[in-house]
Structures are given as C-alpha cells and as structure tokens.
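*Asks:* So the chains spell out like this:
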Amino acid sequence: MKGMTVIVKTIASWVKVLIFLFGINIIIFGHLTPGGGFAGGVILASSYVLLMLAFGREFAEKNLSLPAASKIDCLGAFLFALIAILGFAFGGIFFVNYLVKYSQPLRLISAGTIPLSNIAIGLKVGASLFLVILTLSMFRPDVSTGKKE
Amino acid sequence: MAIFYILLLFMIIAAIIAVETKDLLSSIICVGAVGVGTSIMFLFLRAPDIAITQIVVEVLGLIILIRATISRDLTFITGDREFFGTVVSVVIIFVIFLAGIKVFETLPDFGTPLIAKVPNVASNTYIKEGLAKTGAANIVAAIILDYRGYDTLGEATVLFTSIVGAVVLLRRKNKKLLEEPDE
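As you go down the protein sequences, you meet chains A and B in turn.
Reading the first sequence from the start, the letters are residues 1 to 149 in the working numbering.
Reading the second sequence from the start, the letters are residues 1 to 183 in the working numbering.
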C-alpha cells in the first residue's frame, strides 16, 4: 500500500479539501437545506478514505490516527447524549428542544438544538466510518502473516 | 412516470447480473448500479435528503466492498449453486409475495404520499406545525432530530456499538502480549 500514481495523488490533494468543505457545508446547513448530520458525516469520512486510497494507509493514519478517530467518535456520541440530557435539565423532558424560543426560523443560527445535534452526529458518523475502513484495511496483513505461520 | 419504469428495468437488470455473474468485481459494480438507480428514483420522487444519504453511503460501501475483494486471491466464484437451497428460497419468496398482495392493495399509488389517501396521518401535523414549533426549515431534520429524537439516538447507539465491536475484534495484536510466553 504505497498509494497510486502521481496523477491520482495530485488530483486527490486538490479534491480532498473540496470534499471536506462540502461535508462541513452539508452538516452546518442541515436544518435549512437537504442533508444533515448522517450524510455530511459520511462525506467527511469519504474525504479521508480518498486520502487513504490515493496516498496509502500510513499517510491517512498520520493525518487522523486510530486513537484520535475513536476519541472523536466517542466525543460525538457523548455530545449527542449531552444535548438530549440538557433537554431534561432545562425543559423537563428528555430530547425537548429547549433553545427554540431564542431564535428566529430560516436563519443559520436557528432551530435550537437541531444544528447542534447535526454537528454531534456528523462528528460521530464521520469518525466511525473512517474507523471501519481503517480497521478493515489494517486487518489484512494480520491474515497474511497468520497464514504463513 | 415513464422514467420510473426505465429506472426500474435498469435496476432489475443490474440486480440479476449482480446475482448471476461469476466475477466478484463486476457483481459489486452492478450492486452500485442498483444503488445509483435507487438514488435517482428518490430524486425524482422529490426526496433529496434520502437521495443524498443513499448515494453517499452507496459510494462508501462500494469502496469497502472493492477493497475487501480485490486484494484477496478469490475474485471468481467457483462451483454451482446448490439446487435445494435455491428451490427453498424461491418458494419462500413466492409465499411471502402471495401474502403481501393484500398489503400492496392498501398502499397508495407509487410516488403519491400517504396524505392523499388518509387525511389525518402524523405527517400532516409535522408539515403544518413543524416550522413554528422546531424552527427548522428542513422538515426532515426537524422530524429525525426533534419529533423522532429517540429513533436517532437508537441509530447512533447501534452504529457506536458496531464500531466498538469492529475495532476490538480487528485490532492489531499487542506486541507485549504476543512476546509473553504465558498469558
């Protein structure tokens, strides 16, 4: 896994930024336009997967290592649960949208807890899908050495 | 409506090729063609949220499948299908189809929402009061993160648990543990 040719590497180094920004856009505007946390998170993960396919697994792991990715995964899950529990603390009901009365609709900062939940889910889904590909590609050398022995 | 039949024909042909071909790589590509057809179908049914999620997950799943098959030596399926298993599965699918005809009759026509048939469904309330109560212009986001928050929490938990399982099962072996003679 040393990566692909120079053409692929050059194009990938340009395109990865655009894909990452598009993922952030889909997450941030999830409560106004089509998209949301899940789709945006998958796009974030696919930008790192593009890095891994073009430059090799070691390069992608240098950018976002396995411990860091699992920490982001846990952080996203924790933030989403925290938003739900804060609804219990401020509004009295689990998952209630307690911030909605402070904002006007159709603005970027609106809809109370929905954009916050979108960000948390985006972090969670992106990190966990990157972890899936990382662990699956890491698993192969173990199999080959295991067969040789 | 003609576009739906063309897409449906395309997806059925791709699915049959995906099942019947011996080459694993072309089988995976045909599965991807089915996914793209589904995504375009959602787009024509005016459901862009689902279309985006479908195409993005399809691309990532395709990458995972191709990386899992290409590197292995086994890229062709050898051997024929078992006769007994095929007959049993065809019979089971036919029985389920016969039982499902009644259900299909109660469904609304393809592409028309449930509101057209039943006036007092829950989605009517979401569309009327969604913007005022949640403040989100995208009604799908309002439903999955506000009205149906528990559902999303369950989905996130399922994903989290499966990732934890995958990372634990497929981790690199600890060198210190391997070097120790006794565990």
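What the hints contain is simulated information worked out from the structure, not anything from laboratory work.
Only a predicted model underlies this, so the values are computations on that prediction, with no experimental measurement involved.
Glycine included, every Cβ here is placed at the ideal spot set by N, Cα and C.
A hint or two may mislead.
Only some residues are given here: those of chain A computed to face chain B with a beta carbon under 8 Å [stated by the list, open to error]:
#1 25
#2 91
#3 93
Covered stretches of chain A, going by a simulated chain B footprint (3 or more residues, C-beta under 8 Å) [stated by the list, open to error]:
#4 37-44
#5 110-124
*Asks:* Against this structure, judge whether each hint is valid.
*Replies:* Outcome of the hint check:
Because the beta carbon of residue 25 of chain A sits about 12 Å from the nearest beta carbon in chain B, more than 8 Å, this interface hint is broken. Interface hint status for residue 91 of chain A: violated, as the beta-carbon distance to the closest one in chain B is roughly 12 Å, over 8 Å. Using the Cβ-Cβ criterion of 8 Å, the hint placing residue 93 of chain A at the interface with chain B is not satisfied: the shortest such distance is roughly 10 Å. Remark: the region 37-44 of chain A is confirmed as covered by chain B, as 5 of its residues place a Cβ nearer than 8 Å to a Cβ of that chain, reaching the required three.
Residues of the region 110-124 of chain A lying with their CB closer than 8 Å to a CB of chain B number 9, which satisfies the three-residue condition for coverage.
Hints 1, 2, 3 from the list above are not met by this structure, while the remaining hints are.
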